[in-house]
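In case you want the letters, here they are:
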Amino acid sequence: MLSPDERREIDAELANYEFREAAGIEALKVVQRHRGWVTDEALADLEPVLGLSAAELDAVATFYDKIYRKPVGRHVIFVCSSISCWVMGYENVRDYLLDRLGILLGQTTADNRFTVLPTACLGACDLAPVMLVDDDLHCNLTPPEVDAILARYE
Amino acid sequence: METPLTKNIRPGELPLDLAGYEKAGGYQGLRKALALSPTEVQEAVKQANLRGRGGAGFPTGVKWSVVPMGDGAPRPKYLIANVDEMEPGTFKDRYLVEGNPHQLLEGMIIAAYAIQAEISYVFLRWAYKLAYQRLEKAIGEAYAAGYLGQNILGSGFHLRMHLHTSAGRYICGEESALLNSLEGKRATPRSRPPFPQVSGLWGKPTIVNNTETLCNVPHILANGAEWYKGLSKTNDGGTKLYGVSGKVKRPGLWELPMGTTIREIFEDHAGGMREGLTCRGLIPGGASTDFLLPDQFDVQMDFDTVQKAGSRLGTGTIVVLDDQTCPVGFVLNLQQFFALESCGWCTPCREGLPWVAKLLSALEQGSGSEGDIAILKEQTSGLWLGKTFCALAPGAMEPLQSALKFFGDDFTRHVREQRCPWRS
Chain W
145 MLSPDERREI DAELANYEFR EAAGIEALKV VQRHRGWVTD EALADLEPVL GLSAAELDAV
205 ATFYDKIYRK PVGRHVIFVC SSISCWVMGY ENVRDYLLDR LGILLGQTTA DNRFTVLPTA
265 CLGACDLAPV MLVDDDLHCN LTPPEVDAIL ARYE
Chain C
11 METPLTKNIR PGELPLDLAG YEKAGGYQGL RKALALSPTE VQEAVKQANL RGRGGAGFPT
71 GVKWSVVPMG DGAPRPKYLI ANVDEMEPGT FKDRYLVEGN PHQLLEGMII AAYAIQAEIS
131 YVFLRWAYKL AYQRLEKAIG EAYAAGYLGQ NILGSGFHLR MHLHTSAGRY ICGEESALLN
191 SLEGKRATPR SRPPFPQVSG LWGKPTIVNN TETLCNVPHI LANGAEWYKG LSKTNDGGTK
251 LYGVSGKVKR PGLWELPMGT TIREIFEDHA GGMREGLTCR GLIPGGASTD FLLPDQFDVQ
311 MDFDTVQKAG SRLGTGTIVV LDDQTCPVGF VLNLQQFFAL ESCGWCTPCR EGLPWVAKLL
371 SALEQGSGSE GDIAILKEQT SGLWLGKTFC ALAPGAMEPL QSALKFFGDD FTRHVREQRC
431 PWRS
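Protein chains in written order, with this note's numbering: chain W, 145 to 298; chain C, 11 to 434.
If you're looking for bench data, these hints aren't it; they were derived computationally from the structure. Accuracy of the hints is not assured; some may be wrong.
As the list claims (entries may be wrong) - Across the chosen pairs, the derived CB separations fall in these ranges:
hint: 1; chain 1: W; residue 1: Pro148; chain 2: C; residue 2: Gly159; range: 23 to 33 Å
hint: 2; chain 1: C; residue 1: Lys368; chain 2: W; residue 2: Thr286; range: 47 to 57 Å
hint: 3; chain 1: C; residue 1: Glu12; chain 2: W; residue 2: Arg218; range: 47 to 57 Å
hint: 4; chain 1: C; residue 1: His172; chain 2: W; residue 2: Glu298; range: 50 to 60 Å
hint: 5; chain 1: C; residue 1: Val72; chain 2: W; residue 2: Ala159; range: 30 to 40 Å
Unchecked claim - Lysine-lysine pairs mimicking DSBU-like chemistry, simulated, CA-CA at most 30 Å apart:
hint: 6; chain 1: W; residue 1: Lys210; chain 2: C; residue 2: Lys387
hint: 7; chain 1: C; residue 1: Lys147; chain 2: W; residue 2: Lys210
hint: 8; chain 1: C; residue 1: Lys56; chain 2: W; residue 2: Lys210
As the list claims (entries may be wrong) - Away from chain C, derived, C-beta distances all over 10 Å, residues of chain W:
hint: 9; residue: Leu146
hint: 10; residue: Pro148
hint: 11; residue: Arg151
hint: 12; residue: Asp184
hint: 13; residue: Asp189
hint: 14; residue: Ala199
hint: 15; residue: Asp209
hint: 16; residue: Lys210
hint: 17; residue: Ser226
hint: 18; residue: Leu249
hint: 19; residue: Gln251
hint: 20; residue: Asn256
hint: 21; residue: Arg257
hint: 22; residue: Asp280
hint: 23; residue: Pro288
By construction, the Cβ of each residue, glycine as well, lies at the ideal position given by its N, Cα and C atoms.
Produce the complete structure using the sequences and hints provided.
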């Protein structure tokens, strides 16, 4: 069942669109914000609100890479893998980061603290290489700075 | 030299609030626009020769003029700002919306008035978190001051504005895919015709304009088409945000007259290559543009001139290839991006791009053959315009085809030596 907070936030989104199905992506983001990821149960909870079947919602959810259909850690790290960051040596930073966390790209640490995912260009190419941790953009990355950044997220 | 788009942006500081924006001359363009008829506003933008800054370069005023007008026009009509910036190597729209959100809003309100739209959306990229906060605040201020909502500045014109954030995927920047995404669907492109101007969001007339395009509009209305054309060194009106990234001395972004040469951008502004490096080429406007070579640096960066030189202006943000970076690896990174971001709707793109990426990866890993290079060449025509549903795969082929042409020896060297010569 949707929580009162989820329901209120989804209702606010519904007011922005002419048709309720259009709020589907926003509704998926709302439940993801509250539950960490989009469970099968969440899809079922959204059916009556949006007038879409869980299968239809899943088709939308699986198209967009920022909708998680699998659990993620408390903090999600997006390492930019696009061309400017590649030229500036992002592969070293990525490998160092994964090594420190002891995981592969796409995985979550055993203590559920971090998930590392790839992402296309973050639009800060003059400050490459860059990564996004939750809502924070970190630029001009080097391996020592990666350590300092990780320490800020518990 | 005038820099209308960026003159009120102070990097590292908060953007101007509404009062500050008004004090700097903000919303004067809107006031002038509301004193004109909608078609007169369209005409002013046509006269200014503003061309779409998202990469295609279509004349903005002409795009607007296709929207059905008058009492018989379908309602509601929509105006959408495309702030889904995700072309690799491109970082100009982020700068504009973070630095001066009211400038975008003013451009949107004028554009909506010109086509008589009653609903507008800002389609913002998920990753632009700071831009979200600043736009949300600016929209609130604009409503409170009567620049949005009912009877704007007593003109009888009404406009609602919503801020929508995406959930990822490059293809959302393609305007018809953006419309599907805004309708809550998978973001696959739509067939054209019908064009969005006639049948767009929920089948209603819709204009989708790029962020930088819309940011130009207030200045055209405030200062006139002649002034705007005078900013440029060529026939395309206005200034342009040019950027440079890669191993140059000063990567960055600069607002310069449209038609500034590559040499001036690369040498005077970006400072040329870092010590010990030589430039081998560059892509002038994002991941989906053909390489240009150092002997083409006198090319003026406007739509027609770059096209004549064999590439496209695209987003106007340059990525530089240096001599210590492998051109095959460079192109592999681009193709991996496109393969991952293919929406999967049409078979050539869905299947062809991963194939291309796989062949390039084999070359990089030392297991490529001459036959692989021949297949890559074939793909540059097999995935070309007319053979795919939208322009994503043909865009991917642009840097590949020019890399094969200009850096062919580097490709064959990977085969001959069965390794990447740039990796130890």
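Right, here's what the structure says about each hint:
{"no.": "1", "hint": "Pro148(W) - Gly159(C): 23 to 33 Å", "result": "holds, 29 Å"}
{"no.": "2", "hint": "Lys368(C) - Thr286(W): 47 to 57 Å", "result": "violated, 32 Å"}
{"no.": "3", "hint": "Glu12(C) - Arg218(W): 47 to 57 Å", "result": "holds, 48 Å"}
{"no.": "4", "hint": "His172(C) - Glu298(W): 50 to 60 Å", "result": "violated, 35 Å"}
{"no.": "5", "hint": "Val72(C) - Ala159(W): 30 to 40 Å", "result": "holds, 34 Å"}
{"no.": "6", "hint": "Lys210(W) - Lys387(C)", "result": "violated, 34 Å"}
{"no.": "7", "hint": "Lys147(C) - Lys210(W)", "result": "holds, 24 Å"}
{"no.": "8", "hint": "Lys56(C) - Lys210(W)", "result": "violated, 38 Å"}
{"no.": "9", "hint": "Leu146", "result": "holds, 17 Å"}
{"no.": "10", "hint": "Pro148", "result": "holds, 23 Å"}
{"no.": "11", "hint": "Arg151", "result": "holds, 18 Å"}
{"no.": "12", "hint": "Asp184", "result": "holds, 18 Å"}
{"no.": "13", "hint": "Asp189", "result": "holds, 17 Å"}
{"no.": "14", "hint": "Ala199", "result": "holds, 13 Å"}
{"no.": "15", "hint": "Asp209", "result": "violated, 4 Å"}
{"no.": "16", "hint": "Lys210", "result": "violated, 4 Å"}
{"no.": "17", "hint": "Ser226", "result": "violated, 4 Å"}
{"no.": "18", "hint": "Leu249", "result": "holds, 12 Å"}
{"no.": "19", "hint": "Gln251", "result": "holds, 18 Å"}
{"no.": "20", "hint": "Asn256", "result": "holds, 23 Å"}
{"no.": "21", "hint": "Arg257", "result": "holds, 21 Å"}
{"no.": "22", "hint": "Asp280", "result": "violated, 8 Å"}
{"no.": "23", "hint": "Pro288", "result": "holds, 21 Å"}
Hints 2, 4, 6, 8, 15, 16, 17, 22, counting from the list given before, are not met by this structure.
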